[in-house]
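K.L.:
Based on the sequences and whatever the hints tell you, model everything.
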Amino acid sequence: NAGVTQTPKFRVLKTGQSMTLLCAQDMNHEYMYWYRQDPGMGLRLIHYSVGEGTTAKGEVPDGYNVSRLKKQNFLLGLESAAPSQTSVYFCASSFEAGVRSYEQYFGPGTRLTVT
Amino acid sequence: DAKTTQPPSMDCAEGRAANLPCNHSTISGNEYVYWYRQIHSQGPQYIIHGLKNNETNEMASLIITEDRKSSTLILPHATLRDTAVYYCIVRVPPYEAAGNKLTFGGGTRVLVKP
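Here the protein sequences line up with chains A and B, keeping their order.
Heads up, the first sequence is in the numbering used here, so the first residue is 34 and it goes up one at a time.
Heads up, the second sequence is in the numbering used here, so the first residue is 143 and it goes up one at a time.
Because the hints were derived from the structure by calculation, they are not lab data.
Don't take each hint at face value.
Only part of the chain A face toward chain B is listed, based on derived beta-carbon distances under 7 Å [claimed, not checked]:
| hint | residue |
| --- | --- |
| 1 | Leu76 |
| 2 | Leu78 |
| 3 | Tyr81 |
| 4 | Tyr97 |
| 5 | Glu136 |
| 6 | Phe139 |
| 7 | Pro141 |
| 8 | Gly142 |
Beta carbons: idealized from backbone N, C-alpha and C, even for Gly.
P.N.:
As structure tokens, then:
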């Protein structure tokens, strides 16, 4: 049981390049999330999904797109990277609303630098 | 969701209890208090949550005042591995929160010293 995994762990992009971050979970969770964390700050929600085939905007969605084609995977895309997107990106998952859904499980993070 | 106020940082001695305060004076009747922590460079980790009763698990205890306007997370015997940023989050129950979302503030940076 690997929990929540993220690929890649580190990445350096040039301004204007694109990339996709992959999040995978093996806990059969319905809900998945993408957060970003800038230095010295708390986490901010980018996008989230409440089930396969669904996505919704969070607090800071601009410049990002997401897809949830399979229940276990949640992809975060940057179409044209900007230096302001330099951050650590965390994926998380949780059970759907109910008794077991008070906890979100987080991945180890992806450090992205855009030059 | 109610706003929380936490001290930006605190130190505690290894082996002693660490008491982390959180003020949430605007909390509503159905809002829960959650605590997460983030050890350096890692993803946040759930610690505990509560509504109005005190709660305890293998990691910590949560004490909520009777008027629910503040709470304290207690790490009973702090170790060096407890050095982390601790986040207090107040939010409605998962079944009332669209997408079961969490909002993280700045947290308290706790340094456990030998």
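K.L.:
All hints, please: hold or fail.
P.N.:
Hints and how they fare:
no. : hint   : result
1   : Leu76  : holds (4 Å)
2   : Leu78  : holds (6 Å)
3   : Tyr81  : holds (5 Å)
4   : Tyr97  : violated (16 Å)
5   : Glu136 : holds (4 Å)
6   : Phe139 : holds (3 Å)
7   : Pro141 : holds (6 Å)
8   : Gly142 : holds (6 Å)
Violated hint: 4 only; the structure is consistent with all others.
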